[in-house]
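K.L.:
Going down the list, the sequences are from chains H and U.
For the first sequence, full-length UniProt numbering gives the first residue as 1, with consecutive numbering after it.
For the second sequence, full-length UniProt numbering gives the first residue as 1, with consecutive numbering after it.
It should be emphasised that the hints constitute simulated quantities derived from the structure, not laboratory data.
There's no promise every hint is true.
As the list makes no split between identical chains, a pair holds if one copy fits it or if it spans any two.
As the list claims (entries may be wrong) - Capping the alpha-carbon separation at 30 Å, the derived lysine-lysine pairs in DSSO-like fashion look like this: (1) Lys-289 to Lys-222; (2) Lys-313 to Lys-342; (3) Lys-289 to Lys-21; (4) Lys-222 to Lys-237; (5) Lys-222 to Lys-238; (6) Lys-341 to Lys-371; (7) Lys-87 to Lys-102; (8) Lys-364 to Lys-97; (9) Lys-65 to Lys-237; (10) Lys-21 to Lys-222.
Protein chains: 2
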Amino acid sequence: MIHQASTTAPVNIATLKYWGKRDPALNLPTNNSISVTLSQDDLRTLTTASCSPDFTQDELWLNGKQEDVSGKRLVACFRELRALRHKMEDSDSSLPKLADQKLKIVSENNFPTAAGLASSAAGFAALIRAVANLYELQETPEQLSIVARQGSGSACRSLYGGYVAWEMGTESDGSDSRAVQIATADHWPEMRAAILVVSADKKDTSSTTGMQVTVHTSPLFKERVTTVVPERFAQMKKSILDRDFPTFAELTMRDSNQFHATCLDSYPPIFYLNDVSRASIRVVEAINKAAGATIAAYTFDAGPNCVIYYEDKNEELVLGALKAILGRVEGWEKHQSVDAKKIDVDERWESELANGIQRVILTKVGGDPVKTAESLINEDGSLKNSK
Amino acid sequence: MIHQASTTAPVNIATLKYWGKRDPALNLPTNNSISVTLSQDDLRTLTTASCSPDFTQDELWLNGKQEDVSGKRLVACFRELRALRHKMEDSDSSLPKLADQKLKIVSENNFPTAAGLASSAAGFAALIRAVANLYELQETPEQLSIVARQGSGSACRSLYGGYVAWEMGTESDGSDSRAVQIATADHWPEMRAAILVVSADKKDTSSTTGMQVTVHTSPLFKERVTTVVPERFAQMKKSILDRDFPTFAELTMRDSNQFHATCLDSYPPIFYLNDVSRASIRVVEAINKAAGATIAAYTFDAGPNCVIYYEDKNEELVLGALKAILGRVEGWEKHQSVDAKKIDVDERWESELANGIQRVILTKVGGDPVKTAESLINEDGSLKNSK
């Protein structure tokens, strides 16, 4: 007999970047960060967590492939979740004894890993949420975010929909380093995101390694975390609460640039932006110029893909300009009605973009993780056929 | 009847970068900088300065093309040089009255402008030196550097051979913002430079514009000029005096990276490095890894070309590795004897470099500007046929 519970969890894309840990073991960051949670209609991880007295070992399956469960981050998450369940079982002896059973977790993304989107945030958020559901934990998303953070820093922000802050905290044990919701998706539902997925580009440096190289070698990094980010954090929060897109957009672009600047100031230097990323930036600038206002904002995580935030009312302008350049790539299916509309942009940026982007993902701000009846595990504990 | 004098002047490539003016009109920089002067055998500007009572206007000819002489930088240089000559003529009435005659300046580079090398430094240095020779000015190179600085900031460093510092000074009139020689070329004659010239890439932003965008918009820039550069300046000077290549090299690479990081932290961001530049950096890192020591240093000015400094004793290793990738491009004529020697480097960097570099220029540290009998102006004041 097995117990099981399933959830989906969203991807989030930071607008104020997390880069640098003050405590690598606990994933405690050097600065606050902010992100927008994206719609699970387009990008989500589906995870089923199960446990059974018959299971003989903890197991984790990602996209049909069994993964190692001995990594210290996963071990920490399992340990913390079991501790919370133990506490419940200790205080109510009528509860089934699940905490000591082995766990089998099965997880699938609805987007290709090849898209180069950081899937670890959605993955760990879904895992934490699914096990919390399985264990019927009463902890709030904020409390669970402290567990998720230990799996993957930015995962803590995927426990909420909408607009989310990760407050770095000050405690050395990490007990106050957690995600809080700045606003729900409904507060500012007009937010859209267009992701330009760059054709194969091997990742330069893993973000886990890269951020610590920056912490230890960039002379400019300290200035960023001590002086620049605290001010930006307050300004960006306010711009979200005010639904002030131009301010939100400029802060987002400046912060992406500065994060990549500290990568370049690292030694040896770290590069995530390539010539296609640079072209994406110039095209977004051209869109804003054509509009005579800041209606689109680029941001880049630890890779060359460009995420462009914009508001629904400017969809024709933003997507029209992108379609004029990228109309032939995959991803326009749901936006057939948008007319390509050529804007004034340097020919070299246009061709760099046209040649370098393999697909677009068009999505929007989205909600919290969602419990689902869809399961990836059969009643007998075996895996359902993965798609 | 005309008076004339000719000189050659060298190119210099900064190892501690000049980026940012505290006074744009006077070209007063926000920080000290350091450069290596390159050999005039390979890269030089030849300039003839002449004056005659018959000339009716000031004229400037660059590479066979007449240039505008009303630009305020050129006007400032002419004014300062004439003031110095006036002082001489006022104190010695036997001297010919040259200061009030119109000037005709003719200048030619021995390297293609298309090479994308900053030619304004050598150009203004040669102009100042040629007119100073014509006027028989007794000012030292240090004093003339104050005039050259007003033409083009980095030109002040091209009035000396060897290893040169531009001390930013503190006076508001710029009277102490000048070049001083840290060491002659003979102090460390083993220094070599390989310039990897990138195939056509339109310049992103002019350096004159770009540096002021950085000054006004990069939150990290102030930290660079107030904290990082002062320390680096002292360390780099010492590494030159000690002929300590590994230290000199690491400081050079870190400073190039940081300069470009502040460009990226500007708003809108400025990009001079492209994917070919990035590949150049990775190849230099691979050379150092293969050598098990820091034997080569990359540096980039406001463009994608890579300048690699190394010492003569490592020529086989450094040029051998470059020849294995770039053996087919122009520029190896004087280095036929170097054997291509493949090092371990990621295939994508290798092909990015092989496809993106159009020629190499192989040179070394060189000396001061040199008076020459070679003239670009006939006795009757007409221009000699340019090559």
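K.L.:
Hints first: check each against the structure and report whether it holds.
P.N.:
Going through the hints against the structure:
no.	hint	result
1	Lys-289 to Lys-222	between (33 Å within a copy, 29 Å between copies)
2	Lys-313 to Lys-342	within (18 Å within a copy, 56 Å between copies)
3	Lys-289 to Lys-21	between (37 Å within a copy, 28 Å between copies)
4	Lys-222 to Lys-237	both (22 Å within a copy, 26 Å between copies)
5	Lys-222 to Lys-238	both (24 Å within a copy, 26 Å between copies)
6	Lys-341 to Lys-371	neither (41 Å within a copy, 60 Å between copies)
7	Lys-87 to Lys-102	within (17 Å within a copy, 94 Å between copies)
8	Lys-364 to Lys-97	neither (41 Å within a copy, 76 Å between copies)
9	Lys-65 to Lys-237	neither (39 Å within a copy, 56 Å between copies)
10	Lys-21 to Lys-222	both (12 Å within a copy, 24 Å between copies)
Checked against the numbered hints given earlier, this structure breaks hints 6, 8 and 9; the rest are met.
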